[in-house]
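S.K.: Order-wise, the sequence lines are chains A and V.
Sequential numbering of the first sequence, starting at 7, is according to my numbering.
Sequential numbering of the second sequence, starting at 7, is according to my numbering.
Any given hint could turn out to be false.
Which copy is meant is left open, because identical chains are indistinguishable; a pair holds if it fits in one copy or across any two.
Heads up, simulated DSS-like pairs for lysine-lysine below, C-alpha to C-alpha not over 30 Å straight-line [stated by the list, open to error]:
id, residue 1, residue 2
1, 517, 560
2, 577, 560
3, 526, 336
4, 592, 577
5, 253, 399
6, 517, 336
7, 404, 592
8, 253, 592
Rather than coming from a laboratory, the hints here were simulated on the basis of the structure.
There are 2 protein chains.
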Amino acid sequence: MLLKRWLVGLPLKTAQAVHERLSKRLALAVFSSDALSSVAYATEEILLVLVLAGTTAISASIPVSLAIIGLLAILTMSYRQIIFEYPNGGGAYIVAKSNLGDWAGLTAAAALMIDYVLTVAVSVAAGIAALTSAVPSLFAHREALCLLAIILVVMVNLRGVRESGKIFATPTYVFIGSILLMLLVGLAQFVLGQSPGTLAQPAATPAAVEGLTVFLLLRAFSSGCTALTGVEVISNGVSAFKPPEPKNAAITMIGMAVILGTLFIGISLLAYQYGVLPREDETVVSQIARQVFGGGFFYYLIQASTMMILILAANSSFAGFPRLASLLAKDSYMPHQMQIMGDRLVFSNGIVILGLFSCLLIVLFNGDTHALIPLYAVGVFLSFTFSQAGMVKRWLVKGGPGWRQKLIVNGIGAVATGIATIIIASTKFLHGAWIVIALLPLIIMWFRAIHAHYVAVHEQVALTRDHRPPPPRRNTVIIPISGVNRAVVRAVDYARGRAGDIRAVMVNVDKEETALTQIKWAQWGCGVPLILLHSPYRSVMRSLLEYIEDLLDKDPDGWVTVVIPEILPAKWWQNILHNQRALMLKAALLFKERVILTDVPFHLER
Amino acid sequence: MLLKRWLVGLPLKTAQAVHERLSKRLALAVFSSDALSSVAYATEEILLVLVLAGTTAISASIPVSLAIIGLLAILTMSYRQIIFEYPNGGGAYIVAKSNLGDWAGLTAAAALMIDYVLTVAVSVAAGIAALTSAVPSLFAHREALCLLAIILVVMVNLRGVRESGKIFATPTYVFIGSILLMLLVGLAQFVLGQSPGTLAQPAATPAAVEGLTVFLLLRAFSSGCTALTGVEVISNGVSAFKPPEPKNAAITMIGMAVILGTLFIGISLLAYQYGVLPREDETVVSQIARQVFGGGFFYYLIQASTMMILILAANSSFAGFPRLASLLAKDSYMPHQMQIMGDRLVFSNGIVILGLFSCLLIVLFNGDTHALIPLYAVGVFLSFTFSQAGMVKRWLVKGGPGWRQKLIVNGIGAVATGIATIIIASTKFLHGAWIVIALLPLIIMWFRAIHAHYVAVHEQVALTRDHRPPPPRRNTVIIPISGVNRAVVRAVDYARGRAGDIRAVMVNVDKEETALTQIKWAQWGCGVPLILLHSPYRSVMRSLLEYIEDLLDKDPDGWVTVVIPEILPAKWWQNILHNQRALMLKAALLFKERVILTDVPFHLER
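Isolated chain A, as found in the complex:
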């Protein structure tokens, strides 16, 4: 408990859950880390695919990047409409469920859950890659560093991130500023034709192993689409903005899209200009920064702020996942425990579960960003598509002023993201997307199974108008004993306070012990009869259970109350010195209908 207090902090009152209202400047910092941080790896992932067709194919990275920026523009316009339509937060689960029905909602939710886990894994892996690019000696330990980072983020989130706005602002704006500086300096150097750094060329120029086919271009596009993950985050958090909330949120989102587009195309251009090739042990951004700044303060600033924003991106999932899980739990699609807010006003269960799953992914994929990327984006784009399709349906049903125009915007969004989803799923299928596609139906089935269970429980325990309380039933009280002592006397004393047929029961294992107990019982039994049970197999448990079953059979409407005199030691470790019979008996009886267990404790003082 003390350890928990130290790690997690003192509990917070419900009344302390004041919602910080964010200015546009702070909101951009809080909500954009997921989207902006993806520029740290998106260009690299495009190059990794194109280089398969040889170094000359690298030039295709520019049109591919432009196509992605086109998609970004469509997405921004579409989500702008969701912001105005769902000012209380329009996650894909809510939009899909409210417009397209439960199945669509659950599909979007399943896709989102996978996406949240992958965001943590990919962001942390890329963040640690930024670190190991700058400090190569840490490269061998990247898996351990990833796990450490996740544990850190989990702990911070269990404490609660109420002071979030200020914490997020500095690294986000440092990241944006330093990358912009790098782009400007890099472009200037290109114009002036000089550069302080020399690019570490790979040992051998990679040979083309494939032709530059349309399929390869589409694969490069799919990889690059990871740049768009997180664009939707602002639409989930509209209520956190200062009023007028929707308007401020929409402006912030457009601002974020512009920054994201600029950084992304800038990095792609510089990479092309310097002929940067992807390397296993150094990221593309690190290579560009080394080239532009030739090492030194600004290089390390780029690496440090990249790492920081990626860790913040991982952190953003720790807000999203538990909130989605609690929404699902409220609708009975997840265990109800996911709704419980812990001491620190956070959904602790969801945070811990997300931490565990993302650690699992890191271990399975050895903390390698490239290995995780093919799994990523499928889930994100699937949820985009469901959101947009939901909006299309909404305009069709609801109408309202200018609904045709809005329908067209979201329609374009739905078609574009739908096509992107198909492209991503098909070009990345064999590289890992199949895992996500196979998991989706399993998760949905799991949601439905949980729902079915809760519905069945409700039907069984709900009080209907015609439900009448049962008439008072006969009650037989039995007190299992193995000797006579103060604990037993106390239990008998307590049991006599309730009307009913009371008897003590002893299993005859040792004749001497039994005879002794009978003598003592005459003095201390208060007139309660003592029944001896025969036990050919020396099993106290079995004899008692058989006796209780007998009583239940004889009186099919009666209750059997088992009063257990329990001696509780003063120190927990002393428990191993006492027969665990009381515990075993309780465990066995808990599953019997009409048996009521009553523990009468006798506490030892030493």
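Since the structure of chain A is provided, determine the placement of chain V on it from the hints.
M.R.: Below, chain V without anything else, positioned relative to chain A:
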């Protein structure tokens, strides 16, 4: 449960515990495996020490072996007297405790417990060494094979070894016969000057690294003393003999000692005669057998029967250890659970614990006999010394016909084993005996701590003449609820059957839920008042506990009965879908004085 039945067998009735009475021939087989099997490694351990002084020092193995046989003669005479004096079984614990007091008894018991664990580990390791000598390809897997053998022995013992006599007879007599045959053929070959086998010489003749000092001779003697482990076993089992029990037991023990002495000196002689040197991958007995028989049927018979008798020796500890543990538990020096006879009339807890500890030893020492030997024998000889010293005290106190003569015999025994103990402990101290010497006081302290606890418990729960049952106390019944459903209605219904102040208690976490519950309560509450608790930290548990503590404080003589309506799912895995609050509440309340827990179950059907 089914698995257990298949592995362990059907339960046996207490009445089925008929004690098989053993003839001298069967008793020799049952009780001598521990003693006889040690000839499989004793000679080798002597040679391993002597070879440190070079190959010429090997000749010292004959006088060392003769000294050990002298000690064997003294031991046999001394134990013969214990047999007649303790016809119901005279283990070191009983003899030391009854004559020298509790501390001596506990010291002997601690030494014996260590000894039992080591007997299993050493015997199994040596048995597997016999196997890997014959099948060298298994050498790499010896650790796994040791563990497998222990698991097998544990399982056999959990089934119970009622049919023991017949099972033991064949391998024991085959072992005695085949070793005797080897000795005869070997001696004949020596006289005739021919031998079919050629000894695989070690790559290099080992150089002398030490002089043949007195210390080295004493160390060799210490190692050889492992041959005497198990000599005392017959004295523990006198009651299993056919009448006249003590006489038959004494004759059997003398017969066993003669066979043991013959096999041991014979193997030492043959090893010397053939110039056998200890090798890591082949035992000395295997080398001799290969030399004498030149491989073939008789060689494999020797190896197989050696392995068998060593496994039987390990098995004998599984009879001794649990019996000693149950004796100690009866005297409250071990947890009382050690007294419980399982389904198959064996002390299952002791068997499992011995298995676990011996597996631990095998893993720690990589299944290597030589590494384990220095730990062995210290415990055995310490218990020998305590037994003999106890007998000396007994004759002094008790007298009786010919007590002077008996005193002298046991006196010689006590002095001889005492000196041997000191020699073993000092010469082997650095090689591992220190572990045993350090463990002894810890185990004794543990015995005393357990004893002190049981005494304290007895003092607190025992009923004294002046103990009067307390007057009937006031009882407040509370029913914690989080809503109204059939389970709650059932609990209220049950609670109303007992006189007392009844109230339902709800923690106000969610205002809507609370209001709904209040409305329903008006209809279903049967007039029981519903009390709402305020919870600033949303912690249902904490609010409930505070409320209960309040009630306890207000009425220092009253009882608080907590009636918990518990919904029990139809399938165990569904438990994760229900709030674990009931379980947590029960765990928290179990440790409160004057709080009585009552579980009213509501079983779901699907």
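S.K.: Kindly indicate which numbered hints from before are broken by the structure, ordering the numbers from low to high.
M.R.: Violated hints: 7, 8; rest satisfied.
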